[in-house]
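S.K.: Model the full assembly from the supplied sequences, consistent with the hints where possible.
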Amino acid sequence: MSQSTPHGADFEAMLRLALHPVDPPDALKMRVETTLQEITDAAVDELESWEIGAMRDPRNWVRPLVAGTAGATAGTALVILRVRAQRKKHAAASKGPLDLARRTLRAAAGEARQLARRS
Amino acid sequence: MDSPHKARLDKDFSDLYRVHLRDVYSYAYYRIGNHHDAEDLTEQTFLQAYRHFERAQAESDGRPLRPWLIRIAHNLAANLYRDRSRRPQTPIDDTTVLRTMHTTEDLVEGRDELARIIEAIKQLPEERREALIMRFALGMDNREIARAMGKTDGATKVLLHRAIKQLEGIVKPS
Numbered sequence: 039m040s041q042s043t044p045h046g047a048d049f050e051a052m053l054r055l056a057l058h059p060v061d062p063p064d065a066l067k068m069r070v071e072t073t074l075q076e077i078t079d080a081a082v083d084e085l086e087s088w089e090i091g092a093m094r095d096p097r098n099w100v101r102p103l104v105a106g107t108a109g110a111t112a113g114t115a116l117v118i119l120r121v122r123a124q125r126k127k128h129a130a131a132s133k134g135p136l137d138l139a140r141r142t143l144r145a146a147a148g149e150a151r152q153l154a155r156r157s
Numbered sequence: 022m023d024s025p026h027k028a029r030l031d032k033d034f035s036d037l038y039r040v041h042l043r044d045v046y047s048y049a050y051y052r053i054g055n056h057h058d059a060e061d062l063t064e065q066t067f068l069q070a071y072r073h074f075e076r077a078q079a080e081s082d083g084r085p086l087r088p089w090l091i092r093i094a095h096n097l098a099a100n101l102y103r104d105r106s107r108r109p110q111t112p113i114d115d116t117t118v119l120r121t122m123h124t125t126e127d128l129v130e131g132r133d134e135l136a137r138i139i140e141a142i143k144q145l146p147e148e149r150r151e152a153l154i155m156r157f158a159l160g161m162d163n164r165e166i167a168r169a170m171g172k173t174d175g176a177t178k179v180l181l182h183r184a185i186k187q188l189e190g191i192v193k194p195s
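First to last, the sequence lines map onto chains A and B.
No gaps in the numbering here: position 85 of the first sequence is 123 in our numbering, and each next residue is one more.
No gaps in the numbering here: position 128 of the second sequence is 149 in our numbering, and each next residue is one more.
Careful, some of the hints might be misleading.
[Unchecked claim] Subject to a maximum C-alpha distance of 30 angstroms in a straight line, what follows is the list of computed DSS-like cross-link-like pairs (lysine-lysine): (1) K172(B) with K143(B); (2) K178(B) with K193(B); (3) K186(B) with K172(B); (4) K143(B) with K186(B); (5) K143(B) with K193(B); (6) K67(A) with K143(B); (7) K27(B) with K67(A); (8) K178(B) with K143(B); (9) K67(A) with K32(B).
Read the hints as simulated data drawn from the structure, not as lab findings.
M.R.: Written out as structure tokens, the structure reads:
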């Protein structure tokens with residue numbers, strides 16, 4: 039690039055000074071590190087406290103879902119696979135669609151709790 | 022995710038964060054033009070990077086992840102501009118740049134020229150301005166810039182060449 043003009047190298051040197059790297063403030067370092075730590079902790083906590091009672095209310099479905107996505111993406115896939123496998127057993131034993139839904143949610147919560155303990 | 026794997030991922034991410042925090046912040050600052058928004062953009066970039074880190078690492082095939090990180094910042098900055106499109110933004114707060122970075126005595130003589138360069142950068146099309154930020158503020162090579170901007174190496178070389186020529190034309194009209 040510096041061969042573009044006779045004074046190209048000088049100009050690029052000036053450009054380097056003009057676009058000098060900017061050091062981030064210390065407060066930002068603290069802020070980013072704290073936020074990342076909080077996300078990891080919150081993901082584990084949310085999954086730990088994922089009670090089946092609260093999950094009956096659809097308004098409570100969003101937070102654990104977000105926590106699960108942030109903290110255990112690969113783990114979530116594992117939970118789904120395991121719950122799907124268990125669902126077949128539950129379908130045979132259930133007394134109706136509501137009972138099946140309850141059993142499936144309970145199984146999902148159990149798998150998520152196990153995963154959170156392991157991570 | 023098993024614990025040793027997660028621990029290694031977290032360590033790798035933490036290394037990435039330490040090595041490239043200044044790059045992301047510098048990019049954000051020159052792109053957005055003020056420290057406040059640059060801090061927010063930097064934080065958001067690392068949060069988003071953390072969410073997708075495992076996949077990015079797997080797909081990187083050993084290549085550096087800096088272009089990927091800067092691409093995240095680029096996309097977030099574009100969203101920020103879109104959201105604020107009704108409110109005009111100053112691309113670079115040159116008074117802050119000059120006040121905070123260029124007041125040492127050895128730079129006093131060049132201050133006028135630096136001010137002209139910063140003023141001229143504002144007049145460049147966004148893509149050219151961005152390529153210059155990556156090259157000169159972050160020290161990225163053509164290949165890295167190409168990956169960050171989703172272009173070929175050749176197209177990036179041409180883009181940088183034209184950006185510098187245009188800038189020179191503005192700063193030093195013949």
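S.K.: Between K27(B) and K67(A), does the CA-CA distance stay at or below 30 angstroms?
M.R.: Roughly 22 angstroms separates the two Cα atoms, so the pair holds.
S.K.: Within 30 angstroms, alpha carbon to alpha carbon, are K178(B) and K143(B)?
M.R.: holds (21 angstroms)
S.K.: If you draw a straight line from the CA of K143(B) to the CA of K186(B), is it 30 angstroms or shorter?
M.R.: Distance of about 15 angstroms is within 30 angstroms: holds.
S.K.: Holds or violated: are the alpha carbons of K143(B) and K193(B) at most 30 angstroms from each other?
M.R.: This hinted pair holds, its Cα atoms lying about 15 angstroms apart.
S.K.: With the threshold set at 30 angstroms, check whether the alpha-carbon distance from K172(B) to K143(B) stays at or below it.
M.R.: Distance of about 22 angstroms is within 30 angstroms: holds.
S.K.: CA of K67(A) to CA of K143(B), is that 30 angstroms or under?
M.R.: It holds: about 28 angstroms lies between the C-alpha atoms, which stays within 30 angstroms.
S.K.: Taking 30 angstroms as the top limit, are the C-alpha atoms of K178(B) and K193(B) close enough?
M.R.: Judged against 30 angstroms, a Cα distance of about 22 angstroms means the pair holds.
S.K.: Hinted pair, alpha-carbon criterion (30 angstroms max): K67(A), K32(B). Please report holds or violated.
M.R.: This hinted pair holds, its Cα atoms lying about 16 angstroms apart.
S.K.: Would you check the hint for K186(B) and K172(B), treating anything up to 30 angstroms between C-alpha atoms as holding?
M.R.: holds (20 angstroms)
Comparing the model with each numbered hint stated earlier shows that all of them hold.
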